[in-house]
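Undergrad: Can you make the complete structure from the sequences, with help from the hints?
These protein sequences, in sequence, are chains X and Y. The opening position of the first sequence corresponds to residue 19 in our numbering, with each subsequent residue numbered one higher. The opening position of the second sequence corresponds to residue 152 in our numbering, with each subsequent residue numbered one higher.
I should point out that these hints are in silico values taken from the structure, not numbers from a laboratory. Values in this document were obtained by computation on a predicted structure and should not be read as measured data. The hints are all genuine.
DSSO-like cross-link-like pairs, simulated, lysine-lysine; straight-line CA separation at most 30 Å:
#  : chain 1 : residue 1 : chain 2 : residue 2
1  : Y       : Lys-193   : X       : Lys-91
2  : X       : Lys-55    : Y       : Lys-169
3  : Y       : Lys-319   : X       : Lys-91
4  : Y       : Lys-163   : X       : Lys-55
5  : Y       : Lys-475   : X       : Lys-91
6  : Y       : Lys-239   : Y       : Lys-319
7  : X       : Lys-91    : Y       : Lys-207
8  : Y       : Lys-193   : X       : Lys-55
9  : Y       : Lys-208   : X       : Lys-91
10 : Y       : Lys-193   : Y       : Lys-310
The following residues of chain X were derived to be distant from chain Y, with all beta-carbon distances above 10 Å:
#  : residue
11 : Thr-21
12 : Ile-37
13 : Gly-61
14 : Glu-63
Glycine included, each C-beta is placed from N, C-alpha and C at the ideal position.
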Amino acid sequence: MNTDIFENLRLELRRGCLILGVLAALRTERYGYTLRKSLADSGMEIDEGTLYPLLRRLETQGLLLSEWREQDKRQKRFYRLSDEGTQILDRLLVEWQSMNASLTEILKEPENGTRNSILTSS
Amino acid sequence: MELVTRYLQAVKWWLPGKGQEDILRELSEELHSQMEDARVEKGHDLTESDIAGILKKQGNPFLVASRFRTDQDWIAAPWLQLYRFVMKVVLLWVLTPILVIVYVPAILTAHNPASALLQAGGQIWLALIYAVGMVTVGFGAIRWLKPDLWALKDWDPLKLPPTRNPLKVSRVGSALEVLISLIFLSWWMDLPHVMIVNYAERASGHWTTPTLWLSIHGAFYWLACSIMAATVAVSAVNFVQPTWTKTRMTLRAGIDAILAIFMATVLLLDWDNLARQWLVIKSHPTPANGDLATATVNLGIAVTVLIIGITSAATSIGRLRAVKSMSGRSNPPTALTTTTD
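TA: Below, the structure written as structure tokens:
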């Protein structure tokens with residue numbers, strides 16, 4: 019198996035999911051570090067080098083709002099979903115659920131009788 | 152903590168100008184949160200080696216900064232900032248001086264400067280295309296060659312450069328400025344004496360100074376004195392208190408701007424004469440070579456005045472930018488200053 023190809027495809031697959039994960043997590047206001055921990059606790063590890071540029075991009079696109087505030091005697095930048103972000107997230111979730119349902123259906127189809135279903139075997 | 156400041160400083164070097172402070176503050180906050188958690192976990196204050204481990208995990212400053220770029224296109228992702236840096240060095244510090252040295256004397260000494268300028272323009276344009284093209288193709292190739300970035304990943308946070316304080320002034324530099332300004336000032340104030348009293352002696356000797364100097368001296372006497380006196384004053388204060396303040400930096404930017412205007416005025420006043428008659432070398436064995444030597448020396452002086460003018464203008468702009476950023480710093484503390492506090 020070509021590790022590079024797998025890694026590239028895995029990253030591509032993860033990229034979209036990370037955006038969904040970040041938007042969903044920011045329905046509750048959080049700052050970068052706690053957001054990263056909360057995503058990691060849910061099984062979605064994301065490194066700082068990916069998270070912070072992503073947050074800035076989403077904010078530039080108007081999907082997030084941010085604000086510097088003091089907490090525990092330190093200035094922290096808190097992020098939350100904007101109204102537009104909420105609408106976009108709802109639409110993306112519908113899209114994702116639809117794709118997930120389709121994929122599940124596709125994976126259930128037998129492959130020339132050699133394998134029944136990846137889902138049932140896993 | 153000092154290691155974190157050095158790390159942030161290294162990241163800053165590669166960050167895009169826009170939003171730089173904001174990115175650094177957030178990165179600083181992330182690092183401090185990680186360090187706090189690590190401290191709680193270990194049950195003791197972090198050692199330098201612990202902090203180095205956190206920074207190492209964070210990533211090479213060059214790669215971390217490159218992820219914040221949004222304008223990456225066909226230059227491979229982490230390399231755009233380096234591409235810009237190399238391009239700046241090649242164009243400003245390599246190509247420009249070479250072109251000035253090669254073409255300016257040729258244009259100024261030509262019988263028909265306009266035609267020489269036109270001809271040089273074509274060649275300069277080609278040189279620019281060649282330089283920009285070579286650098287761009289070189290960096291573009293990185294995308295296709297996909298070099299292994301092991302050197303960037305295998306880095307040691309403990310070897311990061313020491314913290315720089317952009318507001319710190321070199322005492323040696325200030326002392327030199329005071330000395331040079333005083334030497335120039337005394338020479339300038341004594342110029343009529345040098346020119347008039349010793350003129351006869353000089354004229355019979357090896358070289359003469361045309362009356363052009365006296366007309367410049369008469370017209371700009373007080374301006375030059377004021378510039379030098381102000382420079383001496385600011386540099387003397389900088390020597391005693393070697394940290395720039397907003398007032399001193401503004402004053403210095405003003406002095407540089409006035410010096411640039413002064414140089415431009417001198418050059419524009421009577422370029423044709425100035426380029427040829429700063430100095431006349433008389434006692435050369437062969438008259439033809441004497442003329443050539445005179446032309447070369449005069450051109451050298453004129454180009455020096457031009458370079459002083461351009462440098463002063465650039466320095467003035469740089470200082471004004473620094474004043475602007477100092478104004479920004481009076482709002483929320485920056486990441487770099489926060490960590491050093």
